[in-house]
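Protein chains: 2
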Amino acid sequence: MSYLKMGETELLKEKVINENVYAGYFDENLNLAMSRGIPNHNMIELTAKKFSTIDVYTSRIHKDGTDLGTYNQGLISGIKEIKELFSEILSIDEANLIIGGNSSLNLMFDMFSQLMTHGNCDSSKPWCKEEKIKFICPVPGYDRHFAICEYMGIEMINVPMDENGPDMSIIEEFVGNDESIKGIWCVPQYSNPDGTVYSDETVKRLASMETKAEDFRIFWDNAYSVHHLYTNSLNEVSNILKACKSAGNENRVYVFASTSKISMPGSGIAAIAASVDNVEDILNRMRKQTIGYDKLNMLRHAIAFPDKKAVLEHMKEVADVLRPNFEITLETLNNELGDLEIAQWSHPAGGYFISFDTKVGKASRIVDLCSAAGVKLTPAGAPYPYKKDPNDSNIRIAPTFPSYEDMKKAAGIFCTCVKLAALEKLTGEN
Amino acid sequence: MSYLKMGETELLKEKVINENVYAGYFDENLNLAMSRGIPNHNMIELTAKKFSTIDVYTSRIHKDGTDLGTYNQGLISGIKEIKELFSEILSIDEANLIIGGNSSLNLMFDMFSQLMTHGNCDSSKPWCKEEKIKFICPVPGYDRHFAICEYMGIEMINVPMDENGPDMSIIEEFVGNDESIKGIWCVPQYSNPDGTVYSDETVKRLASMETKAEDFRIFWDNAYSVHHLYTNSLNEVSNILKACKSAGNENRVYVFASTSKISMPGSGIAAIAASVDNVEDILNRMRKQTIGYDKLNMLRHAIAFPDKKAVLEHMKEVADVLRPNFEITLETLNNELGDLEIAQWSHPAGGYFISFDTKVGKASRIVDLCSAAGVKLTPAGAPYPYKKDPNDSNIRIAPTFPSYEDMKKAAGIFCTCVKLAALEKLTGEN
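Chains as they are written, first to last, in our numbering: chain A, 1 to 430; chain B, 1 to 430.
Isolated chain A (complex conformation) (with noise of 0.2 Å):
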């Protein structure tokens, strides 16, 4: 019964029977991690035995003869073979890709740092020299993305999300006006935490949109293009690449990817893919950066992972392990809050969480409960700019670390704390 159709007695009684619950799970002594999309150990057995039998020390000679065991500046953008599956992967020609090294979010860093220090090749000047920069921030969204606005003193702006995508009309009238609004992130494919796919629509409006700054970029972190847990529903985000070469604003969009969950997450590889232009330009940078990035590992990839349907292979057997997680969450969250009015939640098709809204705005309280037990919860308000969730409502649910039976048991608990927050507010405990 809806807990929002209760009486005061009805209520209280249920809060003593909850508290009661809650008490008990403080005699498991529990530590059980959910705060970040980290996956969990027989996910990553399953690339380890892959590897462990690949050496690419002894076969490390490429097939034209150049051997990627040294420095070779004229591989600055990556070796063939990698470039090869990237392109595939995204459908992106070869000559619009840049491979980087162990991690996309270095590759975005380090793209802000250019941005600031330089600008990009349809700036005036460099951002650092603006009196004011903001990014469209679509909500919620990934703390670590909003971490790096913060860190360059970029103003955020957040804009709701919806089953489509970020509110476009909002981000148009945003963009078309203001010209220190130089540009915005996304999430594209099972974003995080909602687990939305842009629809065709919104990549189609985000490519051909008037922006009044006219070095306007899209950063396209296209985390989990392959990261399907039902492979009856294979999403493909339409190619925002061709899109913003279509709506004439080729230079628009920088895309990144990683195969850090796909293969070994720190150990994996990155790639930028953009129009020929921004490829230059940020060659321009890298070949003062690096002489180049991990070729062995990259040839480690390409050898484990020949093309797509190798990748997509794998990864049906890495959703086998990870499906179970999720299905546990929702079943939990569907049986004990399912009738309670308290909340909503995604009930995503791939990607590495499900995104919880409480209704009345006792996210914090929530995760502060889970915490106190022994369950660790992303932290309330991580999922927007400032780390502040105006509504106090969201919590992203990291379902892809714990054992099963740890799921069952994080999951029981955190619906035990939604209750018992819900609880305390509808009983007029503060």
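Calculated from the structure, these hints are not laboratory results. There is no bait here: all hints are sound.
For identical chains, the list gives no copy identity; a pair is met inside one copy or between any two copies.
Listed next, the in silico DSS-like pairs over lysine-lysine satisfying Cα-Cα at most 30 Å (straight line):
(1) 129 - 387
(2) 63 - 376
(3) 387 - 212
(4) 50 - 63
(5) 388 - 288
(6) 387 - 288
(7) 288 - 376
(8) 242 - 134
(9) 5 - 15
(10) 376 - 80
(11) 134 - 288
(12) 408 - 15
Fit chain B to the supplied structure of chain A, relying on the hints for placement.
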């Protein structure tokens, strides 16, 4: 007999002889790469053999139980084992160390980016907000250092090197009076290209000199700390971090090092060392920039090189491969040019280069003559800021890459070109 003592007839005769020798090279269709400090195949094989027996994927669990095959921002400054190794090699406490990715150049570049956008812990404002920034550049020096300054719009000031390092009197005069001078580049041991080892006195003066800029920084690129050519002369430059601390200027220096020329060039491990305040300053940026560098490659290195002793033994094997190339070059230079009084060159005890100076200001002509005959040298001027050698005298010889046979050929051709260029000059041509 010295060219300087020859009459015109003798010089012209000598010129014809060398022109004929030179013309003969064209029949060989040579293509010998000596432009960059690239380790040769046999040096790399020494590491490849070690690495090919190590499987970090199956045995990736750290001694404290941590899985190094996944994200762990708690290890942002590197895994324990590799910190221990760099700590021992550099005689620097682990608390002062941050382990990076595959490139110390990348760490240097990122440091400059950070200084431009944020300054350092002693800055009153970001360097990009300063009207002008200048750097001291000991010359000849490393072109990639100068390229970073040029990219960042930092004005470079040449200071000559002598057998003890850069001329300290000139430097003290500059930095003591101009607050726009924010730093200096140094390759303190087996300097690029001179092979100079900074004297203890030089290190002390750098550490203790008064600088008008409060946020002055020494970029201490200790690229060749264990790269000895002769095992009877294990030079070790004095510890700049300790010297700065003693002088009350603890924050003055960033020390850089890497295994690029110990293990696999392009797939090694880089590190930065600095005061605790600097380390915190850098980590504050890195935490926004990445979840961490490749921990499995760190583990691979720590297994292959458990301590400094293992590194030194390995570097002895490397030196055995490399030394003949230096000896062939030096012997050829001595035999061919020793009496002519048209040039002088360094006799390095370690590092990667021989620094060559013509006394007749014809460096670029020599490089062009060599190039036409199939020997690719570092462009003349490269060891100077803005690629401008004021005397057109210095050539950086990089004898690390060729096979012994190629090295003999290349050294011979080089000497012929040196003679030809001098004879052109001395006979009044050009």
